[in-house]
Structures are given as structure tokens and as C-alpha cells.
Amino acid sequence: MSMEEVFHPMQEPMILAAAISIVVGAVAIVAGLTYFKKWGYFYKNWLSTVDHKKIGIMYIAVALLMLFRGGIDALLMRAQTAVPDNGLLDAQHYNEIFTTHGLLMILFMAMPFVIGLMNVVIPLQIGARDVAFPRLNAISFWLFAAGAGLLNLSFIIGGSPDAGWTAYFPLSGTEFSPTVGNNYYSLALQLSGIGTLMTGVNFITTIIKMRTPGMTLMKMPMFTWSILITNVIIVFAFPVLTVALALMMFDRQFGTKFFAMQDGGMDMLWANLFWVWGHPEVYIVILPAFGIFSEIIATFARKNLYGYKSMVMSMVVISLLSFLVWAHHFYTMGHGVMVNSVFSITTMAIAVPTGVKIFNWLLTMRHGKIQFTTPMLYALGFIPIFTIGGVTGVMLAMASADYQYHNTMFLVAHFHYVLIPGTVFGVLAGYHYWWPKMFGFRLNEKLGKLGFWFIAISFNVTFFPLFILGLDGYARRMYTYSESTGFGPLNMLSFVGALGLAVGFGLIVYNIYYSWKHMPRNEKADVWDGRSLEWATHSPVPEYNFAVVPTVTRLDEFWFAKKEGRDITAGKIEKIHMPNNSGAPFWMSGFFFLAAFFAVFNQWIPAILSMLVVFGFMAYRSFEKDHGRYISVEEINETEKRLRGDK
Amino acid sequence: MNKKISLMFLAFGALAILAGCEPLTIFDPKGPNARTLSDTIILSIITMAVILLVVYVLLAFMLTKYRASKASADYEPPHEEGSHLLEITWTVIPIIIVAFLAVVTVKTTSTVETTPEGYDNKEPLVIYASSSNWKWHFSYPEEGIETVNYVNIPTDRPIEFKLYSFGPITSFWIPQLAGQKYAMSDMLTTIHLAADEVGSFMGRNSNFSGRGFAEMEFEAQSMTQADFDEWVTDVKANEKPLTEEKFNELLAAEHVGRSSYSSTHLEFSPAPMEHGDMDMSDDEMDHEQMDHSTDSHKDSESTHSH
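Line order of the protein sequences matches chains A and B.
With the first letter of the first sequence counted as 1, position 407 gets the number 407 in UniProt numbering; the numbers rise by one all the way through.
With the first letter of the second sequence counted as 1, position 82 gets the number 82 in UniProt numbering; the numbers rise by one all the way through.
Keep in mind that a hint or two might mislead.
[Unchecked claim] Straight-line C-alpha distance at most 27 Å; calculated DSS-like pairs for lysine-lysine: (1) A:K449 x A:K517; (2) A:K449 x B:K65; (3) A:K369 x B:K65; (4) A:K572 x A:K641; (5) A:K563 x B:K162; (6) A:K562 x B:K70; (7) B:K70 x A:K257; (8) A:K369 x B:K162; (9) B:K70 x A:K446.
Don't read these hints as lab results, they were simulated from the structure.
Construct the complete structure from the given sequences, taking the supplied hints into account.
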């Protein structure tokens, strides 16, 4: 590949502008850190941290950044299709944009946002001092960051993947996608996917082994339950993606024929493998949101969660069914009435446990005392909007009817109606809810609510018209359409909605700045009058989470203790064992990134050398003697006094 | 609250549109297959609207009755574990709804996957529809003619489209006549349909297949049997036969206009085997697959030859 080809994307003015802004941004950060002499602080407190709370915050920060990166893609797509025969983007550029929009939003926005919140909250909710494998947790994050960086780099160097986020073969094979775009796809997803798999192992172990005394499984908060189930799905689903991506890489870069059109290759094998991972993936990002809504609705209705057992049960059933429905993504491949019928029924069956959850949330509010805070607004907005996504899901599940919806805007509208009120509202609710726990001050409620209304209303303006367009025969992923189709007016309406969404998300970010400047510090630990253990410790949370690990006897122990006037964190303070920070995860992932980057361009020698360094880090770790450190009782007392005294 | 009202308004407004004033393409079927799907979709929308209504009424009730501003300051919500009766109710009723929709699905899926009702006594017309880059080839083996980017069919006769692709997976879709199906390089799939009346319908590939995907449309025209026969005779008499060389030229091209030929490419470049043929004894399957792989190899070589 010549240099000209490598930098080919830069010939596009918009991409050149994006590239320049990235370079300027990077230079500004480096210069800023140098000027304020913050390199040491930055490295010591963030790059080399193994603290679950800081790792969680970094996940959320990257997720927000990617939300904007993917959001700009979305705006461009809606702008391009706002009027018929628009020339804003050409077909190639449009194809790259909808491909990266899907990848970024699912894998580099929804996933890290969910994982970030689980990092911050889970150890606190179960009364633990960190996750089971703190250093592995740091590797998970840095591998994810490396994958995100690699995918974003593709826009500037070499060209982005352009075969859709589903990357169906043979379209994504070298014959029809000769650029390095889909090499980036396989390698960037592979890096972050390995990180996610480790997160799965880490959090299952954490939740199974590190719960505070007395917290049996059926006394765990609902968010913890949702995360446990989510991570079980991760551990079963992600290896399939790992294998599929490896086969894709072999096909594209080593000339194998797993998914080729000839020599016994099977193109639909990729589709099967992709969706065997891809459908559970949907539940990986939706179940944590269900958990978050359960916490928030119970807190702000000031009532315990209705039907706790059936809530747990329904999530378990959903997780099992999630592995039995993948073929509904391609009813139209012609696998006959029998196969389609079976998958229709398993898919529709998911509506039953999901319905159970909706009704339990509704009944949680009965006899309650509902406060309309920002997190609660997201939880309440979720119910009516997500239900539309749910019922259209049942409609799509009917194989015969799907022959008309498949590949149309109806489908696009459906999954946005599931993923935005589900996942995005979920993580935004969690973000507003746990923000004071992370930083010790609240986000401004007025701005938060304004942002919610902008997002909730604009969302419907953007996506409801797409249902109608789909039923009118508008296929998805078309970069343009002719005026005679009559698709123009509704597309324009949708674009207007997209602008409203942009304002809404802009308000959320402005709120960070505003609240940082103006909101009072030293919030009390339990800002929302919460029910679970994370509210029992200080805000922001000290490094060791709990000076004394609380003991629980029932669900919502903290809530009942408050009513009875007990302090569940009282007790004798002892020295606390904590893991040491380590820069190894950061550097190791850096070399992983280099290896993947060289591999994208088939530069095998530097790729192998980088991998050798990675293995060097692993070998070093195997022989390293690091037993952690102790925080002395004096130090704990001092920290506690400072945190308490400030109140 | 105003959001919920506007939402309901939107939902019912959409229903009103769906119900009739200006029919959307999907709800304007011109053949038995598409009509079955249209009826199925309308039935499911009505069922789903009822479910939405129940959820919305419950939510509106909870939010108006139990808001903090309405409760007295010292009101303390009670502790409620749940209710077996209620939980069983909202498990069983959805199961019944799903069971009902499952029956509808299985029935309608098998209906649209066979020769349309009322047409089963007539011999189906078989047309091979294959995609390459961003165009469609239609081969009529019985008539011995081939067209590019347009297809003519007789009314009142069942049609079987045999689909495959010379490249990325595409999806063959004439929404007013039938639902879509994938065209793939390594197996043949079938769409059954029939047109009730004379007319011109939009057909397209709906599965993203690269740069020229948006323009990958064709016209499907239904005509009386007499008009159809006349058209076939006309093509046979006036158009050149499709040579292998000419066909390779067509395959290599990105977009082309319409054209007609008095022979088909199936003679020198046969279609892959049917999907259903995979269900055979191991021996036979190995044998068939070997044959098939040589076939498709040849196809791909011809694709490469440009």
C-alpha cells in the first residue's frame, strides 16, 4: 500500500477537518498537561490506576466521547437523507459513516457506558473494596480504549470499514472491500472484545465471591443481579465473536475461505456466527439498563421493588432465550417454514418476561410517593417509549411479516426504539443518579430535566417517521433516494428531530461544566435517600470504599437501618489490604494497539515484535511478587474524619 | 404528561394513516402473497395497540395518583413484596397473546412460502433472478429469453422466482407482490408470488451490497397472458442471443440500463443448487457439493475475468 493510499481518506475535506481537530485536540491535551506539570498526577492517578471507581469514570468519559463521535455520524446521515438526491455525502462516505455509527454506538458507547457504571457501582453495592482482579480490570479498560482508538484512527489512515456494522460476507471480503477498512474492523473489535471478555470473568468472580457478609444472592440489589446475568451472557457470547473475527482476519489477510463464495466457503456462516454473538449482545446492553431502572424507580417511588423474585427470574429467562433467537436476523435467507417458525416463537417468547418487568415497575410505583428527579424522568420516559420498541419487536418476530420489514427503516426505527429508551436512557439515568457518588456534587437538576425533555421528544420526532417510511418500502442504508418515492417530507422531519437530539446531548455535556462551576460541594453521602449499600459510604468514595464493611441481613438493609436509626458502617476500623497501582496494563495495551495497527496493514514483522513485548509483560507479571499494600488505621481515621467533617 | 399524550397522538395518528387514507406501499398489495402479509401486519398492529394502551393507561394512572406532590408530607409508602395473582396474570395473558401470534405466524409463513392460494391448479412460470454488482438479471429458461433490470410477468399465473447472486448477498423485493428473500452466491432460494392485476411495481435489492446499492432498482410489470406472450415472441424475434462474452461484460459493469436477449446465461453458467437440496443423504450431499463448488468456481472465475 502506497502512502497515497494510506492517507487517501484525507482528500475528503470533512475527514481532513476531523483529522486536524483530533491532532489539535491531542496537542492541546499534551501541552496542557505539560504546562500545568500534571503528567505525574495524570500517570499516577489515572493511567496506572487499578481503582474500580477511576476505571469506571474513564470508561464513562470515553463512552461520552464516542457518543458524540457516533452522534456526528448520525447527524450527517440524517442530513444527507433529509432531502431527496442530496449531494452532501457520496455513497462511499455514507457507507463508512453508517458502518462506524453502528460500531461506535454499540461497542464503544453503549458497552463502555454500561461497563463504566458497573465498575463504579457494583463493588459499592455488594460492600466490596474492589473487583476480584483489579489489574485485569485495568487491562480490560486499556484494551477497550486501544480498540476504540484503532477504529477511530481508521477514519484518518487507510479508510473506515464500509460493509455495515454487521460486515456480511462476501461484501466484507477482500474482493468487494479491498481497502484496509475491514481489517480495522476485525482487529479493533478483537482488542476491545478481549477486554470485554475479561470484564465478564472479573465481574462474575467479584459478584459471586466478594459480597459482604449476609448478602445472599436473593438479597442482592437488582442492578447487581442484572450485571451478574449480563456478565454470564458476555462470557458465553464473546468467545463466538472472538472466533468469528479471527476467521474474518484469516479470510481477509491470509487467504483462507471460511466465508468465501467458492471452494466450500459459506457466506451465511458469518451471518450466523455474528448474530450468535450479536443477539445476546443486545441483552448485554439492555439488562444493565433494566437493573438501573429498577434501582431508580424503587428509590424515587420510595418503595421496595415490586415482585423481586419474578424480576430476577425474568432476567434469567431473557438471558437463556437470548441465545435461541439469532436466526430471526435473517428469516429471509430462505431456511424454510420450520426453522423460521421455531425462531419466531422463541423470539416472541422474550416479550413475556419483558412484560413481567414492565408491569412490576408500574406496580412498584403504586402506593408510592413519586419524585420527578432527572434520573426518574429517564426511567419514566423509558416505559412508554421502550414499550413501542418492544411491541414492534414482536411484530418483527413474526417471520412472515418480517419478509416485508426486513432491511427497511421499520427495522431501524424498531431497534432505535429499543436501544435508545432502553440502553441510552438507562445509562443516562444511572449517570445522573450516581454522579454525586462519583464526584461529590450533583448535576444541576434544571439542566438535567431540560436535557431529558429535549432528548425524549426529539427522539420520537426522529424515529417515529422511520416506522412509516419503512412500511412505505424505504430500504435502510440507502445513501439517497429520488423525489418520486415521496420519502422526502418524513425524512426532513426526522432530520429536525436529530437536531433536537443534538441539542439534548449538548445540554448534558454543558451540565457537566455548569455543575462543576456552580453546584455546591460536600454533598451528603446519601443524596437521594437511597436503598442500597453504595449510599452508605462517603461521596466521593474513599479509595477503600468502606472503612468498615457493612453486614446485611435483608434486601435494602441500608434503607431499613436508616429507618431504625442504625449505622450499618459502624464498627472497629482495621488496616485495609489494597492492590498496588500498575502501569503495566496501560503499556501492555499500548503494544497490543501497535501490534493490531501494524497487522491492519499486513506489516507482520513490527506486529510480531509488538506482540512479543505483550508476551514479555505477561511473563513479567507471572513472576512478579506484588502482594499489595496496607492502608494503616491512622490513615483511614484521618480520611474518614476529613470526609465526615466536611459534611 | 404532555409527552405521553403527544406520544399516544403519534401512535394513533400513525394507525390512522396505516388504516387507509393514503395506503403505504406495504398496505397496497397487488397479489395474494403480499395481501396475506399486509393482513398479518395489520392484525399484529391492532393486537400491539391494545397492549400499548394497557401499559399507557396504567402508567398514566400511577403517575397522576401517586406523585409526591399529591401525597401528604408524612405519607410513608408501604412495603409490598409482590402479588402472586397479579404476577401470574401478567405472565399468562402475554403467553396467550404470543401463542395466538405464533399460530398466525406459522400459518402465514407457510402460506407465503408455497404457490399462492387459488393459483395452485396452474403451472408456475419459473424466472431466475440473479444479481451482480448493482443490477438484476432475469432469465426465463422456458421461454429462452433474458432481461436486465426489468421483469415482465403474466397476471393470473403463479410465478416462482429462483434467486441467486454473483457476489454480495442481495435481497430481492417487490413489496406490492411479495415479501423479500436473500439472493446468495452458493445456493438458490425461491419466492412464490402472483399478480392479481396489470400494473408496474417497484422492485429492488433491499440488502446493502456496496457503493451502488441505493440505485439497485428494477421495474416489475404485470401484463395479461396475451401481452406477455406477445412480448416474449417479440424479444425472441428481435433481440440478439446472450453470448458468454457479452454476459461477462454485463457482470463486470457497475450499473447498466435495461436490455433484453433471446437466450439465457443459464446455458453456460448454471445457477447454484436449491437450498432445500441440502437435506439429502451424506453421500449424495458430498457429491452434489463437489459439483456445485466447481460450478460456482467457474462463476467466480468468470466474474474475475474482467
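Taking the hints in turn, this is what the structure says about them:
At roughly 18 Å between alpha-carbon atoms, K449 of chain A and K517 of chain A fall within 27 Å of each other, so this suggested pair holds. A distance of roughly 21 Å separates the Cα atoms of K449 of chain A and K65 of chain B; the hinted pair therefore holds under the 27 Å criterion. Of the supplied pair hints, the one linking K369 of chain A and K65 of chain B holds, its CA atoms being roughly 9 Å apart against a limit of 27 Å. Under the criterion of a C-alpha separation no larger than 27 Å, the hint pairing K572 of chain A with K641 of chain A is consistent with the structure, at around 15 Å.
Restraint check for K563 of chain A and K162 of chain B: not satisfied, since their Cα atoms lie roughly 71 Å apart, outside the 27 Å limit. Only pairs whose Cα atoms come within 27 Å are accepted, and K562 of chain A paired with K70 of chain B is accepted, the gap being roughly 25 Å. Among the hinted pairs, K70 of chain B with K257 of chain A is inconsistent with the structure: their alpha-carbon atoms are about 67 Å apart, more than 27 Å. For a cut-off of 27 Å, the pair hint linking K369 of chain A to K162 of chain B is broken: about 62 Å separates their Cα positions.
The suggested pairing of K70 of chain B with K446 of chain A holds, with an alpha-carbon distance near 21 Å, which does not exceed 27 Å.
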